[in-house]
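Number of protein chains: 2
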Amino acid sequence: MSTWQTEALKAKTILQSSIPTQWLLPEDKLPPSDQKNVADFPRASGLFTNRELLITEMSATSLVAGMGAGRFSAEEVVVAFLKRAVLGHQLLNFATEFMADKAITRAKELDAYYRRTGKLVGPLHGVPISVKEHIGIKGLTCNGGYVAWVNDIAPEDALILQCLHKAGAIFHVRTNQPQSLMHLCCSNNLTGTTTNPYNRTLTPGGSSGGEGASMGFKCAPLGVGTDIGGSIRAPAAFCNAYGFRPTMRRNPCSGIKAPEPGQEAILGVVGPLAAQSLDDLELFQRVVLDAEPWDVETSLVPLPWRKVKESREFTVGIMWDDRTVRPHPPIIRALKAARSKLQAAGIKVVDWDPYKHAHGWDIISKLYFPDTASSQKTLLSQTNEPILPLTEWAFSYAHPTPLSIAEAWALNVARDEYRDEYHARMKARGVDFILCPAYVGVAPDLYEAQYWNYTAVWNVLDLPAVVFPSGMAVEEGDVGGKEGWVARNEVEEREWRKWWVDPGRFVGAPVGLQMVGRHFKDEETIAAAKVVEEVVRGSEGGRARL
Amino acid sequence: MSTWQTEALKAKTILQSSIPTQWLLPEDKLPPSDQKNVADFPRASGLFTNRELLITEMSATSLVAGMGAGRFSAEEVVVAFLKRAVLGHQLLNFATEFMADKAITRAKELDAYYRRTGKLVGPLHGVPISVKEHIGIKGLTCNGGYVAWVNDIAPEDALILQCLHKAGAIFHVRTNQPQSLMHLCCSNNLTGTTTNPYNRTLTPGGSSGGEGASMGFKCAPLGVGTDIGGSIRAPAAFCNAYGFRPTMRRNPCSGIKAPEPGQEAILGVVGPLAAQSLDDLELFQRVVLDAEPWDVETSLVPLPWRKVKESREFTVGIMWDDRTVRPHPPIIRALKAARSKLQAAGIKVVDWDPYKHAHGWDIISKLYFPDTASSQKTLLSQTNEPILPLTEWAFSYAHPTPLSIAEAWALNVARDEYRDEYHARMKARGVDFILCPAYVGVAPDLYEAQYWNYTAVWNVLDLPAVVFPSGMAVEEGDVGGKEGWVARNEVEEREWRKWWVDPGRFVGAPVGLQMVGRHFKDEETIAAAKVVEEVVRGSEGGRARL
Chain A
1 MSTWQTEALK AKTILQSSIP TQWLLPEDKL PPSDQKNVAD FPRASGLFTN RELLITEMSA
61 TSLVAGMGAG RFSAEEVVVA FLKRAVLGHQ LLNFATEFMA DKAITRAKEL DAYYRRTGKL
121 VGPLHGVPIS VKEHIGIKGL TCNGGYVAWV NDIAPEDALI LQCLHKAGAI FHVRTNQPQS
181 LMHLCCSNNL TGTTTNPYNR TLTPGGSSGG EGASMGFKCA PLGVGTDIGG SIRAPAAFCN
241 AYGFRPTMRR NPCSGIKAPE PGQEAILGVV GPLAAQSLDD LELFQRVVLD AEPWDVETSL
301 VPLPWRKVKE SREFTVGIMW DDRTVRPHPP IIRALKAARS KLQAAGIKVV DWDPYKHAHG
361 WDIISKLYFP DTASSQKTLL SQTNEPILPL TEWAFSYAHP TPLSIAEAWA LNVARDEYRD
421 EYHARMKARG VDFILCPAYV GVAPDLYEAQ YWNYTAVWNV LDLPAVVFPS GMAVEEGDVG
481 GKEGWVARNE VEEREWRKWW VDPGRFVGAP VGLQMVGRHF KDEETIAAAK VVEEVVRGSE
541 GGRARL
Chain B
1 MSTWQTEALK AKTILQSSIP TQWLLPEDKL PPSDQKNVAD FPRASGLFTN RELLITEMSA
61 TSLVAGMGAG RFSAEEVVVA FLKRAVLGHQ LLNFATEFMA DKAITRAKEL DAYYRRTGKL
121 VGPLHGVPIS VKEHIGIKGL TCNGGYVAWV NDIAPEDALI LQCLHKAGAI FHVRTNQPQS
181 LMHLCCSNNL TGTTTNPYNR TLTPGGSSGG EGASMGFKCA PLGVGTDIGG SIRAPAAFCN
241 AYGFRPTMRR NPCSGIKAPE PGQEAILGVV GPLAAQSLDD LELFQRVVLD AEPWDVETSL
301 VPLPWRKVKE SREFTVGIMW DDRTVRPHPP IIRALKAARS KLQAAGIKVV DWDPYKHAHG
361 WDIISKLYFP DTASSQKTLL SQTNEPILPL TEWAFSYAHP TPLSIAEAWA LNVARDEYRD
421 EYHARMKARG VDFILCPAYV GVAPDLYEAQ YWNYTAVWNV LDLPAVVFPS GMAVEEGDVG
481 GKEGWVARNE VEEREWRKWW VDPGRFVGAP VGLQMVGRHF KDEETIAAAK VVEEVVRGSE
541 GGRARL
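Just so you know, the sequences run in chain order A and B. Counting from 1, one number per residue, gives the positions in the first sequence under full-length UniProt numbering. Counting from 1, one number per residue, gives the positions in the second sequence under full-length UniProt numbering.
Simulated from the structure, these hints should not be mistaken for laboratory data. Cβ atoms here follow ideal geometry from the backbone N, Cα and C, with glycine treated the same way. The hints are all genuine.
Distance ranges between label pairs, derived from CB positions: (1) Ile387(A) to Ala358(B): 41 to 51 Å; (2) Glu407(A) to Ser340(B): 50 to 60 Å; (3) Gly477(A) to Ala410(B): 49 to 59 Å; (4) Glu407(A) to Asn384(B): 20 to 30 Å; (5) Ala428(A) to Asp101(B): 33 to 43 Å; (6) Glu392(A) to Glu313(B): 55 to 65 Å; (7) Asp40(B) to Lys166(A): 56 to 66 Å; (8) Pro155(A) to Asn384(B): 51 to 61 Å; (9) Glu417(A) to His359(B): 33 to 43 Å.
Only chain A is shown next, with the shape it has when bound in the complex (with noise of 0.2 Å):
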């Protein structure tokens, strides 16, 4: 065994060691190897009680008013979802560590709180959260999806963990990512592949894969991830799951390890994901606010989260197609079926024109390793892990040689540029959102998630973005008309061939939508989302029509 196998053979023993075993199911109980969609295996694994399932498939709100009330003990609800990311973990290898003991103890303390008091502790008393590996807990290790450090220990929790955890919160599961963290997919030389509870056959996305995984399987109501060219949103969409990417310096980084620190031209954002509802999107980047984390990080902008109200009062653009790759024939059927909706609804819905989308990918894609991604490079060889596929290809991204100081201002103000310009854009249609896809289709196969530009598109313009389940899936009769589609370029081609290889493979998988807002917009872009997802999920409500 090479260097770099004993190496990683550290961070899957740390993994097979924190799984509370008296929760496994036996081999022989779990659905066959070849069963893709596991969503719903929790109902028949018979590994659960009503009570349990009921606890498991409650949103963070619901389960902090219910321990509000007395309803639930904070232990029993942090079991619930550990039996479950269990099983989750046994299916699709979304984990990398399990912290049971340490989340139960926690849960009784706070039951101790409430009944000593008869209060909760905060607005996320007793909610399980996991969190993706690379976000720092205190003396644990933290690897980042490299061989090269899974022996780095970090030194305290990430100051998001810290704001959460005042709130109440519990960590009971870190998950997976990919190597390098670029992939719209979820593999790694550490702890191997996440997959689509939905098609395991399909990616999770990423790169918080693991956590699109633990949140379509409920391991948890909340999750917290990182984006900076999708890697919320890809998974939550794939997973059929909400996910959130703030405005950029909202909130805090400290703690999360990543290559290139002190790259600030395209800065990651962390934020999160939810298993249930906008409203705990919302609950989440509420609490993260309001525990001010600009008095420590200072890099962050002092803006509270602010209550906006309700309205039907806005203009949502429906961006079809981004000018590169159309989207592929169930998410075209969704954005119809949501205007459509949004229309009969009342809400004012126009067409959004994308505003020189490969322009902005231009920008983003060399921005992402202006030094030929060689932070990257030499992690990756310090143990010598063979370079995975997906890292190629993002690492392909790079300028050949490294950019001068120069070349890297010139792409700031390029940036720049673009971002005035499209804001004003916007402002100029009285376009206040645009509802728009997540990815060209649903998960595609592991390995194969290669075009990042319905997500990327909006970090380069830093507008804040959150992705909902359409209430849609794919169908078998979503093939779209081959007669007469040609591919405007390359890309599109290999998009599409993708799809057209044998389209019935993706049926069931969920549709995700993206809606976008202005620079800054936060609160009012999940505000309307919120309005926009109930519209378009219509009367069946919550998760029942997939």
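Keeping the supplied structure of chain A fixed, place chain B upon it in accordance with the hints.
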């Protein structure tokens, strides 16, 4: 005449042909060229009516109130200031271009509006404002201190000028700046050297040196400057005026010309200087942020100017020494007087121990020119204009070889850590504001301003900082005990040699003080500075003591 001289002449021609000659004082009526202090010459000149003297010694706030009550017309106000500016230019060479006709036309329009409606156009109705040359004005050249840019025409008004204009401001004169914009002095190959109204052998400071002279001579109640290392605050301090460096990303910078666009590791800021009062600095800031510039320049933070209650419940830390260069005796005398008065007034005062200021300088000085100043040097070489000594001096901060992207990132990390640490230290010690020197001494001799770090450290820390006159000036007794004095390093040796060679030559030079607040606490900083100024300048009030 070589090419650069031909080119430079264009700037001189623009200036000369813009001077409203009707207000020029004949040479023989001017004070002798060896008269150092000309600050009070307007009164002696016989050029002004008492009413004009009164008007030009009023604050913007009072002028607007007067115009609102119909006591003055905008036209007479702008004419009074134009006359004073023409005289000031004759004595100090501070202007790069007059805009008399346009200003008077605008004033007449404002007067007509007032007569028609009985209302003011806005909170800066009829206020003449001088503007540093590199802040673009539509249709006029914008050279930024470089001969190479002498033909560049600004395509539109800088966004900050648009905000001020909308509120009723009148721009009547553009002001001088040094070559490269990186001297705390004010000399270039275009329109020459600006001098200090309180002592024409001394510098007015820089890089907003023309603004310093404009404020010191009262050529406008308000001016617009820029600051990346002290360029608003040094001129304000040297010229007995007021100046404010806001937190980055609050005031809009679009349309301001400078090399290194896209450099964002250390952002220059634009902000006000004022001749008469801290209230005027606040008025300026309120007007700019009430215009919501972030809705155009999206890199700004959408933080409106907050109204804060004036309070005396704060703690001032006095910084006596930055541990590299002790301030000269008059500065210490002013700080000691301030301490006594603050204590007597019941305001909590403690000593502030500077935290790693040399480290801060190390970071910021590298971040000024990470590309070895090559963008600046290229501009200079385009015309072969001579490189002035203080330009060489500034460029000497640059690393001899270009920094790599990764090296620049490491500096960003060091900068952010330093900011977080400094902030934590202020919090831990309960210090709300730091009262400190604005420079090692009073205005230095021309071409001698070499030590930046009493101001630049607040740029690297991105803390809001306000400068106001202490009410004191250098006196005959201000020598300082030389016996036993030992320089702690070569920089201190150099800076004190400048003092001891002949302290008498500084007699009468005003002493400014600087007050620094916490990140984004711009409003609180100005509000507290008002309290401190009132206490420090005692019952004499206003500017009477100098």
